[in-house]
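S.K.: Based on the sequences and whatever the hints tell you, model everything.
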Amino acid sequence: MKISVYRYNPDTDTKPRMQDFEVKTFQGMMLRDALLEVKKQDESFSFRHSCGEGVCGSDGVNVNGRNVLACITPISELKEPIQVRPFPGRPVIRDLVVDMTQFYEQYRAVKPYLVRKDPLPEQEILQSPQERDKLDGLYECILCGCCSTACPSFWWNPEKFHGPAALLQSWRFLADSRDQATEERLDALDGPYKLFRCHSIMNCVEVCPKGLNPTRAIGKIKDLMLDKGV
Amino acid sequence: MGIPTRHFDALIIGAGGAGLNAALQLAGADLRVAVVSKVFPTRSHTVAAQGGVNAALANVLPDSWHWHMFDTVKGSDYLGDQDAIEFMCREAIPTVYELEHAGVPFSRLDDGKIYQRAFGGQSQNFGGDQAARTCAAADRTGHAILHTLYQQNIRARTHFFDEFFAIDLVRDAEGVICGALVLEIETGEPLLIESKATLLATGGWGQVFRTTSNAHINTGDGAAMALRAGIPLMDMEFFQFHPTGIAGKGMLITEGTRGEGGYLINKDGERFMERYAPRAKDLASRDVVSRAIVTEVKEGRGCGENGDYVMLKLDHLGEAVISKRLPGIRESSQIFAGVDPVIEPIPVFPTAHYAMGGIPTDRFGRVAMPAGHGSEEVVVGLYAAGECACASVHGANRLGGNSLLDILVFGRLAGKDIIEYVRENPYQRTVDSASLEQAMGRLRRWEHKGEGPTVQQLRADFRKCMEDHAGVFRTEEIMAEGYNKLCELRDRLPEVRLTDQSKVFNTARIEALELENMMDVGMSIAVSALHRQESRGAHSRPDYPARDDQTWLKHSLYYREGDRMDYKPVRTKPLTVESFPPKERVY
Numbered sequence: 006m007k008i009s010v011y012r013y014n015p016d017t018d019t020k021p022r023m024q025d026f027e028v029k030t031f032q033g034m035m036l037r038d039a040l041l042e043v044k045k046q047d048e049s050f051s052f053r054h055s056c057g058e059g060v061c062g063s064d065g066v067n068v069n070g071r072n073v074l075a076c077i078t079p080i081s082e083l084k085e086p087i088q089v090r091p092f093p094g095r096p097v098i099r100d101l102v103v104d105m106t107q108f109y110e111q112y113r114a115v116k117p118y119l120v121r122k123d124p125l126p127e128q129e130i131l132q133s134p135q136e137r138d139k140l141d142g143l144y145e146c147i148l149c150g151c152c153s154t155a156c157p158s159f160w161w162n163p164e165k166f167h168g169p170a171a172l173l174q175s176w177r178f179l180a181d182s183r184d185q186a187t188e189e190r191l192d193a194l195d196g197p198y199k200l201f202r203c204h205s206i207m208n209c210v211e212v213c214p215k216g217l218n219p220t221r222a223i224g225k226i227k228d229l230m231l232d233k234g235v
Numbered sequence: 007m008g009i010p011t012r013h014f015d016a017l018i019i020g021a022g023g024a025g026l027n028a029a030l031q032l033a034g035a036d037l038r039v040a041v042v043s044k045v046f047p048t049r050s051h052t053v054a055a056q057g058g059v060n061a062a063l064a065n066v067l068p069d070s071w072h073w074h075m076f077d078t079v080k081g082s083d084y085l086g087d088q089d090a091i092e093f094m095c096r097e098a099i100p101t102v103y104e105l106e107h108a109g110v111p112f113s114r115l116d117d118g119k120i121y122q123r124a125f126g127g128q129s130q131n132f133g134g135d136q137a138a139r140t141c142a143a144a145d146r147t148g149h150a151i152l153h154t155l156y157q158q159n160i161r162a163r164t165h166f167f168d169e170f171f172a173i174d175l176v177r178d179a180e181g182v183i184c185g186a187l188v189l190e191i192e193t194g195e196p197l198l199i200e201s202k203a204t205l206l207a208t209g210g211w212g213q214v215f216r217t218t219s220n221a222h223i224n225t226g227d228g229a230a231m232a233l234r235a236g237i238p239l240m241d242m243e244f245f246q247f248h249p250t251g252i253a254g255k256g257m258l259i260t261e262g263t264r265g266e267g268g269y270l271i272n273k274d275g276e277r278f279m280e281r282y283a284p285r286a287k288d289l290a291s292r293d294v295v296s297r298a299i300v301t302e303v304k305e306g307r308g309c310g311e312n313g314d315y316v317m318l319k320l321d322h323l324g325e326a327v328i329s330k331r332l333p334g335i336r337e338s339s340q341i342f343a344g345v346d347p348v349i350e351p352i353p354v355f356p357t358a359h360y361a362m363g364g365i366p367t368d369r370f371g372r373v374a375m376p377a378g379h380g381s382e383e384v385v386v387g388l389y390a391a392g393e394c395a396c397a398s399v400h401g402a403n404r405l406g407g408n409s410l411l412d413i414l415v416f417g418r419l420a421g422k423d424i425i426e427y428v429r430e431n432p433y434q435r436t437v438d439s440a441s442l443e444q445a446m447g448r449l450r451r452w453e454h455k456g457e458g459p460t461v462q463q464l465r466a467d468f469r470k471c472m473e474d475h476a477g478v479f480r481t482e483e484i485m486a487e488g489y490n491k492l493c494e495l496r497d498r499l500p501e502v503r504l505t506d507q508s509k510v511f512n513t514a515r516i517e518a519l520e521l522e523n524m525m526d527v528g529m530s531i532a533v534s535a536l537h538r539q540e541s542r543g544a545h546s547r548p549d550y551p552a553r554d555d556q557t558w559l560k561h562s563l564y565y566r567e568g569d570r571m572d573y574k575p576v577r578t579k580p581l582t583v584e585s586f587p588p589k590e591r592v593y
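Residue numbers (the working numbering), protein chains in the order written: chain A, 6 to 235; chain B, 7 to 593.
Read the hints as simulated data drawn from the structure, not as lab findings.
Keep in mind it's a predicted model, so treat the numbers as computed, not measured.
Among these hints, one or two may not hold up.
Claimed, not checked - On the chain B side, residues computed to face chain A include the following (Cβ under 7 Å):
1. Thr-48
2. Arg-49
3. Glu-106
4. Gly-109
5. Arg-114
6. Gly-118
7. Gln-157
8. Ile-160
9. Thr-193
10. His-322
11. Glu-325
12. Ile-341
13. Phe-511
14. Thr-513
15. Ala-514
Said to hold, decoys possible - Subject to a maximum C-alpha distance of 27 Å in a straight line, what follows is the list of computed DSS-like cross-link-like pairs (lysine-lysine):
16. A:Lys-122 <-> A:Lys-225
17. B:Lys-287 <-> B:Lys-304
18. A:Lys-45 <-> B:Lys-255
19. B:Lys-119 <-> A:Lys-139
A virtual CB, placed ideally from N, CA and C, is assigned to each residue, including glycine.
M.R.: Given below as structure tokens:
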């Protein structure tokens, strides 16, 4: 099978290029296996990867125009010619490795941690199974960045718009019955950019490798804002 | 030398559960703390832990830390240090509550308390009925905990050095460790981080085996740094093979599947664990279940065309339980094994999973080594916690749910001890130029040009050798042959060359440095295993099938120089309760 990968090494290249490799396939082969095979043929090829089972979120890439996690994307599901590029809209460091600094900054900007103002109990803070269910579909995010780097609003304003991944986490804490910073969280999201640059294009939902729905979470934040505003 | 330098009160190498929980204590005490990680923190392998963390909360069934302690001592095949185990089991309870307060989205019971499930090797009342001690966030507990700890570190303003690779520890003129030389992966430039205290929290080394549940990053970097600093590694022969990796691939299927009621069958559909562990059956200790699976396959009762795996049956649990309690397992089985466990069983076989041994520490996370005449001394300013360390709470076999516990309890405690240490030792020591030069030598070695074997070739040979010669069953013959092969591989290592010597994000260079680390650690496993002439916990020798407490109730210590072995006694005296004397271990 032929696989075409994006190459750029700032040490030696003045501009990027695509390079073809011939890779032997096997039953159950994932895209990450193919990229490892490319690296076996040419050790100068760089990409991030680690767990190999879709939980660490390291190996997000763009294949045939779609953002995916390489380790859980079967080769058999990809149409040839397979073209593997770095995430769109991010500065390329080398080959498939992109600079995710702004993505992480936006994540940190939503204060993604539980805020508790009451004194803490000796045992656990109680939470009913129904309250806990509200966190399903939110806490599972692995910060791979597939969603935000597929989002046109994030492409245009990565320094001002939080992007789908960060907003999903914003809602994860707003939705947590134990969190006591709802007002501050909503106030901080005010303004035309941080939240409201989302135009429900839904690329994020389309690409999320964990099947999460940031657009719905963003909608819920907007609803809550309306509720609180009235 | 002109290497850029940064200064911190504490340097933590590794951003998994141990490193991040330590960092949280330090940042909370207003110390300047740097966390160096070769990957973005939430990519650390704690993220992959599935089943949960043990604590005797008694939310589901009656429980006590003392029963937890008994199970852990028994699970360790009596090689665990009972003072450290008592401490860990007591601390488990406040540690889990603290995590919950920090935001971990634990699954819940109807009364609003944390959900707890049954796991292997757990009992009520010192060996009685099955207990339910494992606190879980569905089957993504490690993910939930790691992300929460990272989030709280954001709040605490911990200083992160993301995608920096630790090269080696550095010392002052007196030999005291005072920081580390690290490499910024993005630029390929070295950076010296000077610190008053240093914590190694670099995790495990499952990558030394070809088939493993461990991530690409689990290469034993911290353990190898310790070895190069002259510190021995303890109990390295004890490596856990998790019974249920996806056959042929190694991805983990949590023990929680069996805790929820799943069980193993052979090609005849027989629930074979009933023969090996009549009482605990599929929830016997991991070493017991792994040996049973390998025995079934060896004796011709394996499933599939080649008869080389067994089946894990879950369909009788029903879709509701599987989607609610084991959603990640369902997903992984569909992706990697092509089966939906709601309908059909999952093909499984043991996979290299967890290092019981590691850098020897006391129960405060302080690295401790023999000082001659049977006494022990703390290595000043150096700490270790998590899978890379050996406190020792797991002894010869770790219980499921005790590894998240270990990293959290001892990470937290190391953090607290470092606060005291820095208060008493407030001045930064001066890095000795010879020590820095030696660390730089590690980098320069890979600038050698010319022909030679590649990192990939040597790594593949090495991992195959470890798998063939240091696996579930080990005889003198198999291991001696393995040791000789490893010596040959080690001799070839200096000939290996990098063809790519560029600077920016050169992952080939990182993999070369990791290979050196893996080979040092792999050798410590092989040598320690060859010497221990008994079967205990995960170390199973058909040529010495019995446990021999007379000769071998002692910890192994491997030194890199001359592949030398030494031993030290097991600490059988707990902190406050009666000791659990060695007994025959049946489940």
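S.K.: Does each hint hold? Answer for all of them.
M.R.: Verification of the hints:
1. Taking 7 Å as the C-beta contact cut-off toward chain A, the hint placing Thr-48 (chain B) at the interface holds, the least distance being around 6 Å.
2. Hint status for Arg-49 (chain B): holds, given a least beta-carbon distance of 4 Å to chain A, under 7 Å.
3. Given hint, Glu-106 (chain B) at the interface with chain A, holds; its Cβ is 4 Å from that chain's nearest Cβ, closer than 7 Å.
4. For Gly-109 (chain B), the suggested interface contact is upheld, since its CB lies about 3 Å from the closest CB of chain A, less than 7 Å.
5. Because the smallest distance between the Cβ of Arg-114 (chain B) and any Cβ of chain A comes to about 4 Å, under 7 Å, the interface hint for this residue holds.
6. The interface hint given for Gly-118 (chain B) holds, since its Cβ lies 3 Å from the closest Cβ of chain A, which is under the 7 Å cut-off.
7. For Gln-157 (chain B), the interface hint holds, the least distance from its beta-carbon to any beta-carbon of chain A being 4 Å, beneath 7 Å.
8. The interface hint given for Ile-160 (chain B) holds, since its Cβ lies 5 Å from the closest Cβ of chain A, which is under the 7 Å cut-off.
9. The criterion of a C-beta within 7 Å of any C-beta in chain A is not met by Thr-193 (chain B), whose closest approach is roughly 10 Å, and the hint is violated.
10. With 7 Å as the threshold, the beta carbon of His-322 (chain B) stays out of range of chain A, its nearest partner Cβ sitting at about 23 Å, so the hint is violated.
11. Because the smallest distance between the Cβ of Glu-325 (chain B) and any Cβ of chain A comes to about 16 Å, over 7 Å, the interface hint for this residue is violated.
12. The restraint placing Ile-341 (chain B) at the interface with chain A holds, with a minimum CB-CB distance near 5 Å, inside the 7 Å limit.
13. The interface hint given for Phe-511 (chain B) is met, as the beta carbon of that residue sits about 4 Å from the closest beta carbon of chain A, less than 7 Å.
14. Because the beta carbon of Thr-513 (chain B) sits about 5 Å from the nearest beta carbon in chain A, less than 7 Å, this interface hint is met.
15. Hint status for Ala-514 (chain B): holds, given a least beta-carbon distance of 4 Å to chain A, under 7 Å.
16. As the CA atoms of Lys-122 (chain A) and Lys-225 (chain A) are separated by approximately 24 Å, the hinted pair is consistent with the 27 Å bound.
17. Using a Cα cut-off of 27 Å, the hinted pair Lys-287 (chain B) and Lys-304 (chain B) holds, with the two alpha carbons roughly 20 Å apart.
18. Distance check on the hinted pair: Lys-45 (chain A) and Lys-255 (chain B) sit about 19 Å apart at the alpha-carbon level, within 27 Å; holds.
19. About 16 Å separates the Cα atoms of Lys-119 (chain B) and Lys-139 (chain A), which keeps this hinted pair within 27 Å; it holds.
Of the numbered hints stated above, those contradicted by the structure are hints 9, 10, 11, listed in ascending order.
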